[in-house]
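So the chains spell out like this:
There are 2 protein chains.
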Amino acid sequence: MVRRTGDRATSGRVRVLALLLAEQRAITHHEIEERLSGGRRLDRVTLYRVLEWLSEKCLVHRVVNDDRVWRFRANAHSDTHQHAHFKCTRCTTVICLDDPQAAYDGPLPAGYRLQEIELTVKGLCAACA
Amino acid sequence: MVRRTGDRATSGRVRVLALLLAEQRAITHHEIEERLSGGRRLDRVTLYRVLEWLSEKCLVHRVVNDDRVWRFRANAHSDTHQHAHFKCTRCTTVICLDDPQAAYDGPLPAGYRLQEIELTVKGLCAACA
DNA sequence: TGACGTATTGCAACAAAGTTGCGTTTACTA
DNA sequence: TAGTAAACGCAACTTTGTTGCAATACGTCA
Chain E
1 MVRRTGDRAT SGRVRVLALL LAEQRAITHH EIEERLSGGR RLDRVTLYRV LEWLSEKCLV
61 HRVVNDDRVW RFRANAHSDT HQHAHFKCTR CTTVICLDDP QAAYDGPLPA GYRLQEIELT
121 VKGLCAACA
Chain F
1 MVRRTGDRAT SGRVRVLALL LAEQRAITHH EIEERLSGGR RLDRVTLYRV LEWLSEKCLV
61 HRVVNDDRVW RFRANAHSDT HQHAHFKCTR CTTVICLDDP QAAYDGPLPA GYRLQEIELT
121 VKGLCAACA
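Each protein sequence line maps, in turn, to chains E and F. The letter at position 30 of the first sequence is residue 30 when you use this note's numbering, and the numbering goes up by one with no holes. The letter at position 66 of the second sequence is residue 66 when you use this note's numbering, and the numbering goes up by one with no holes.
Note: identical chains are not told apart, hence a pair may lie in one copy or across any two.
DMTMM-like, lysine to aspartate or glutamate: derived pairs with alpha carbons at most 20 Å apart: (1) K122 / D66; (2) K57 / E116; (3) K57 / D7; (4) K122 / E56; (5) K57 / E23.
If you are wondering where the hints come from, they were derived from the structure by calculation, not from laboratory data.
My request is simple: use the sequences and hints to build the entire structure.
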């Protein structure tokens, strides 16, 4: 996947993408850093750059939670630019809802152009409920 | 409005709420600080605490944009816990869409409990389109 | 297979946004 | 109008993310 972009396949990119593909939810920069601690540790800055590159290449997408921290998740399926996420208000876990029903039929102000719709469902996850 | 909460009506709380009520969109801590510069300047920390208090009392609500900065907006109408926001991907302005059509009919994982639905429409505002 | 050039990396320093502790001031109560 | 607890202001700190630059490694081509 990394090589298919035409850019270099570095070990950082491969390791981070593999890790995110294995994960079932959106995780933070910090969590990724911890999980990479086995093997050669990736520099904090490098990880930021790897994540930036991955999301530029649409191999990954970012979500902001109310704790203002980016979370990253591998894009398994082709990106439809229509996401639905669930955010637990207690433990701040973020998961992706697979069957997004997101739609907006209401009016936008005159001159506004719609690009993307994001639906966020907040509540308690099974562990916190 | 401030006094009705039962807590103290300090000049900071009154000034910030008045300012947010006059504003038609969600603005950042920084923008609020600038607009308050006439009159006695409010300390940065105090402003954070005033905003926290206002949103605790539901006089104001917070939105996080993709720039990971809190934005605040006065709650004119009673809060239904169902918001719809428009975020301009270019100038990062945030406005509230008044007629939220937000709904989620899809399934949540077992054990998950829904508290609030937030719909975010991203695109270009009239000035940036 | 090995040398080369450029894309990446790692380090250090910086920046923005927000938080905490603590002594001082102020709004409300009596 | 005096007393008191809640807010405030200041300074220092934390977290998250960014920038500049020299060192390293990926991929190419001989």
